[in-house]
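> Residue-level listing of the chains:
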Amino acid sequence: MVRFFGILVGLFFTGWLLVSFVLGAKEFITNPPEKAVYYDYHLDPKEVSFASDGPLGKFDRQQLQRGFQVYKEVCAACHSLRLVAFRNLAELGYNEDEVKAIAANWIIETPDIDPATGEMSTRPSLPADKFPMPFANDVAAAAANNNAIPPDLSLITKARTGGAPYIYSLLTGYQEAPGDLPDAAKPGPGLHYNPYFANLNLAMAQPIIADDQVAYSDGTSATIDQMSKDVTAFLVWTAEPKLEERNQTGWAVIAFLIIATILAFMSYKSIWADVKAEKKKKA
Amino acid sequence: MSFPWAKEYTPTTAFGQWMDEKLPIGRLVYNSLGAGYPTPRNLNYMWNFGSLAGIFLVVQIVTGIILAMHYAANADIAFDSVEHIMRDVNGGWMFRYAHANGASFFFIAIYLHIARGLYYGSYKAPREMLWLLGVVIYLLAMATAFMGYVLPWGQMSFWGAKVITGLFEAIPLVGKPIQELLLGGFAPDNAALNRFFSLHYLLPFVMAGVIIMHIWALHIPGSNNPTGVDVKGKQDTVPFHPFYTAKDGWALGLFLIFFCLMMFFLPNALGHADNYIPANPLSTPAHIVPEWYFWPWYAILRAFTFDFLFIPAKLLGVVAMFSAILVWFFLPWLDTSPVRSGTYRPKMRVAFWILIVATIILFICGGAPAEEPYVMLSQVAGAYYFAYFLIILPLLSRIEKPLPLPNSITEAVTGKPLEKAS
Amino acid sequence: MATVDTGVETMDPSGSGDGEDGVRRRDFIHIAAVSFAGAGAVATVFPLVNQMNPSADVLALASTEVDISAIEPGQAIKTSWRKQPVFIRNLTEAEIADANSVSVDELRDPESLADRTSDGKENWLITLGVCTHLGCVPLGAAQGEVKGEYGGYFCPCHGSHYDTAARIRKGPAPTNLEVPEHEFLTDTVVKIG
Chain A
131 MVRFFGILVG
141 LFFTGWLLVS
151 FVLGAKEFIT
161 NPPEKAVYYD
171 YHLDPKEVSF
181 ASDGPLGKFD
191 RQQLQRGFQV
201 YKEVCAACHS
211 LRLVAFRNLA
221 ELGYNEDEVK
231 AIAANWIIET
241 PDIDPATGEM
251 STRPSLPADK
261 FPMPFANDVA
271 AAAANNNAIP
281 PDLSLITKAR
291 TGGAPYIYSL
301 LTGYQEAPGD
311 LPDAAKPGPG
321 LHYNPYFANL
331 NLAMAQPIIA
341 DDQVAYSDGT
351 SATIDQMSKD
361 VTAFLVWTAE
371 PKLEERNQTG
381 WAVIAFLIIA
391 TILAFMSYKS
401 IWADVKAEKK
411 KKA
Chain B
131 MSFPWAKEYT
141 PTTAFGQWMD
151 EKLPIGRLVY
161 NSLGAGYPTP
171 RNLNYMWNFG
181 SLAGIFLVVQ
191 IVTGIILAMH
201 YAANADIAFD
211 SVEHIMRDVN
221 GGWMFRYAHA
231 NGASFFFIAI
241 YLHIARGLYY
251 GSYKAPREML
261 WLLGVVIYLL
271 AMATAFMGYV
281 LPWGQMSFWG
291 AKVITGLFEA
301 IPLVGKPIQE
311 LLLGGFAPDN
321 AALNRFFSLH
331 YLLPFVMAGV
341 IIMHIWALHI
351 PGSNNPTGVD
361 VKGKQDTVPF
371 HPFYTAKDGW
381 ALGLFLIFFC
391 LMMFFLPNAL
401 GHADNYIPAN
411 PLSTPAHIVP
421 EWYFWPWYAI
431 LRAFTFDFLF
441 IPAKLLGVVA
451 MFSAILVWFF
461 LPWLDTSPVR
471 SGTYRPKMRV
481 AFWILIVATI
491 ILFICGGAPA
501 EEPYVMLSQV
511 AGAYYFAYFL
521 IILPLLSRIE
531 KPLPLPNSIT
541 EAVTGKPLEK
551 AS
Chain C
8 MATVDTGVET
18 MDPSGSGDGE
28 DGVRRRDFIH
38 IAAVSFAGAG
48 AVATVFPLVN
58 QMNPSADVLA
68 LASTEVDISA
78 IEPGQAIKTS
88 WRKQPVFIRN
98 LTEAEIADAN
108 SVSVDELRDP
118 ESLADRTSDG
128 KENWLITLGV
138 CTHLGCVPLG
148 AAQGEVKGEY
158 GGYFCPCHGS
168 HYDTAARIRK
178 GPAPTNLEVP
188 EHEFLTDTVV
198 KIG
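Protein chains in written order, with this note's numbering: chain A, 131 to 413; chain B, 131 to 552; chain C, 8 to 200.
It is worth saying that the hints were derived from the structure and are not from the lab. Quick caveat, the model's predicted, so the values are computed rather than measured. Cβ atoms here follow ideal geometry from the backbone N, Cα and C, with glycine treated the same way. Don't take every hint at face value.
[Claimed, not checked] Facing chain A, a subset of chain C residues (Cβ under 7 Å, in silico):
no., residue
1, I38
2, A40
3, F43
4, G47
5, V144
6, A149
[Stated by the list, open to error] Below, in silico cross-link-like pairs of lysine-lysine (BS3-like), each with a Cα-Cα straight-line distance of 25 Å or less:
no., chain 1, residue 1, chain 2, residue 2
7, C, K90, A, K399
8, B, K137, A, K399
9, A, K260, A, K406
10, A, K406, B, K362
11, C, K128, A, K260
12, A, K406, B, K137
13, A, K288, B, K292
14, C, K85, C, K128
15, A, K230, C, K90
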């Protein structure tokens, strides 16, 4: 009985899938799907490397500090960094007093309740505070930015397919829309052409626009490319602050496991030696 | 329960004897995982994945309990509490990555365990109950994994919850109320998140209970083996300990090395970037996919693109997806060939490897966007998947002429016919 | 062919027939493998337990700065440090004199007021608001609360009385209210912790 009904059910599913395949294939041949207009213009992220790449990766703290400076002077006016606290900046090599000063002098104050009146107010940030949000809420953020909410940057290098190279490519990828671009893909009002963006046009105008837009204090030449790379490196750190600890722990654990596995294998071999020997003897 | 030549548990200490009278746990372990369990001597490395899956369930439970100490199941703060684990909790990133990647390695072990059972006929009499319990464990694992993926409350979590509960909507008449019942609302929100967390914490322990029954059911007939021939005598077996504990031990080391490479150096490779964006009910990610271990079923779901008479394609897809797993419950009675191992079934063996290829195609198609050629490929592969279980196996057992079976395991191992012991 | 069925039986994992050296070498491998696995398991326990220690964000709040300019003599405020109450009290001349008039040797927990306050800031008494008996919050910091028989703090849970230097004078508490580590950053800002 099971087999009888089984074959019936099987014939139905198998048959209908094959019929669907034939119908779909016919449709595919007679009426092939058109590629989206932006298919030919979209570009994959550029090849770019960072000190933090790979299992041996470490952060270049000098670069992270420069990247933080770019974030502070270019990005922070619109983009929040809500999961990162000022105290975390100590990991970039700032000392306690510097962290305190950065927090206290941050362009946006931390919202709090006035201890005297109980009303909403703001106060200078403390190292324990997270970076305050540039906009009070999403509606305010959208209203101030042509209806596009600037995404939070704390996790951005992990939250975008393509990761850090994608962010770097996006920052350096702004260009004039090509002349042969179909009308449907042309940047509308308030949009900017960038072939690294999924649908080619994004609301954010090119943020890093000129060399020396940020004055580096460590002598590094602040080219557009360098600033973009530095701020991307900084955002790799904000997204994965434990990266170095992770790589180091990983090597230690794997080294231990390799030795343990070799020992276990030798133990296994010796336990089975007699069974194998007996097999050989008789074969 | 066991073979007559199984070693007898003999406690050596006075305390051991006292315990053995009051609560014979030592005896239980000795007889199930120790020297008291005679195991076929010819098991190959495919037999390691059962214990590996069990160990990874333990890894998941331990890391999961730790994560639950820091996680907050509330739609407003769930995402941030996960980031709190990643950034501030001591070693929190390690537990979170171990748990996320551990789920994948658990499924790798479970899929290889199932494939081994399919090839060597481990589902056949007298091991039907063992197989059925295994299917139940797999279903529980899928439910647990799905609900676990919702907890970080990122974009994929939210839309995964929405799409999967949306499948129930396809059921005529009662579909919509069932979906609302599952979610406790009209879309995933606090109510859904809290119940998913509660069940995600509960189900692994239910699984552990079913696994105990699975092992119990295993010990009644004893392990199957690559020849599929029954154990004939003492010379066919070795004690589980130390022979298979040593083998499982070193295989565990190897599996853990792969796991740690993934967890420490590519921790997000099996995840999806969109899940690092907090859930947003107003915006769907461009390309929703479930976790990789659901891809074959997701491919079957999407392979049904045409209505059949009055049955809408959506409902067909849902029914087919569930049937694809439920068919395993009937497998012991669909395949009636008395020969267990594929090694001695020339035609079944070919059909089996085509099934593996079809399943790999389904894996690829399930992870790909719903466009051609993936839909057409998944239709062909899906058709074969159903045909293998429901048509090929039932018919094959009638027309296939199996190769001659060895008389015993020992004969298969040594290549010499068994001689009567003097 | 006795080897067929006796062979399996004699497979002792410690090995036999390899001579004495063989036995030792084989034993050594098993011991090494098992001890390595054991060491790994023990090493894993550390992070499993350590995750319960205070996390980085909690530790970041381990010190707090308080503005005390608004506290008049005779008043006290209750503030929060490490999620525990802290009493900051501006002692009057009379309270200071009262505290200094007690013979330190007779106290249950002998400490002078000077021991418990910063140099030159003898009027600022900063203590945890946690009774040393069983951890209740004593009364006496807020206006109108009972200050106990010695004019300091009174714990209502089991009746411990503290004097104006927050020293235990009567009741079950074993020691004085704890003075947290603190430092005056300016005349009006004190850093606790």
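> Next step is simple, just say for each hint if it's right about the structure.
These are the hints, each one checked on the structure:
The interface hint given for I38 of chain C is violated, since its Cβ lies 9 Å from the closest Cβ of chain A, which is over the 7 Å cut-off. Checking A40 of chain C against chain A: minimum C-beta separation of about 4 Å stays under 7 Å; hint holds. Look at F43 of chain C: its Cβ gets to within about 4 Å of chain A, closer than 7 Å, so that hint holds up. Using the Cβ-Cβ criterion of 7 Å, the hint placing G47 of chain C at the interface with chain A is satisfied: the shortest such distance is roughly 6 Å.
Using the Cβ-Cβ criterion of 7 Å, the hint placing V144 of chain C at the interface with chain A is not satisfied: the shortest such distance is roughly 20 Å. Taking 7 Å as the C-beta contact cut-off toward chain A, the hint placing A149 of chain C at the interface is violated, the least distance being around 16 Å. Among the hinted pairs, K90 of chain C with K399 of chain A is inconsistent with the structure: their alpha-carbon atoms are about 58 Å apart, more than 25 Å. For the suggested pair K137 of chain B and K399 of chain A, the alpha carbons sit about 23 Å apart, so the restraint of at most 25 Å is met.
Only pairs whose Cα atoms come within 25 Å are accepted, and K260 of chain A paired with K406 of chain A is rejected, the gap being roughly 64 Å. A threshold of 25 Å between alpha carbons decides the hint, and for K406 of chain A with K362 of chain B the separation of about 20 Å falls inside it, so the pair holds. Distance hint between K128 of chain C and K260 of chain A is unfulfilled; the C-alpha atoms sit about 34 Å from each other, more than 25 Å. Taken as a hint, the K406 of chain A and K137 of chain B pair is honoured in the structure, with Cα atoms around 22 Å apart against an allowance of 25 Å.
Proximity of K288 of chain A to K292 of chain B is assessed by CA-CA distance (about 23 Å); at most 25 Å being required, the pair is judged to hold. Using a Cα cut-off of 25 Å, the hinted pair K85 of chain C and K128 of chain C holds, with the two alpha carbons roughly 19 Å apart. A distance of roughly 22 Å separates the Cα atoms of K230 of chain A and K90 of chain C; the hinted pair therefore holds under the 25 Å criterion.
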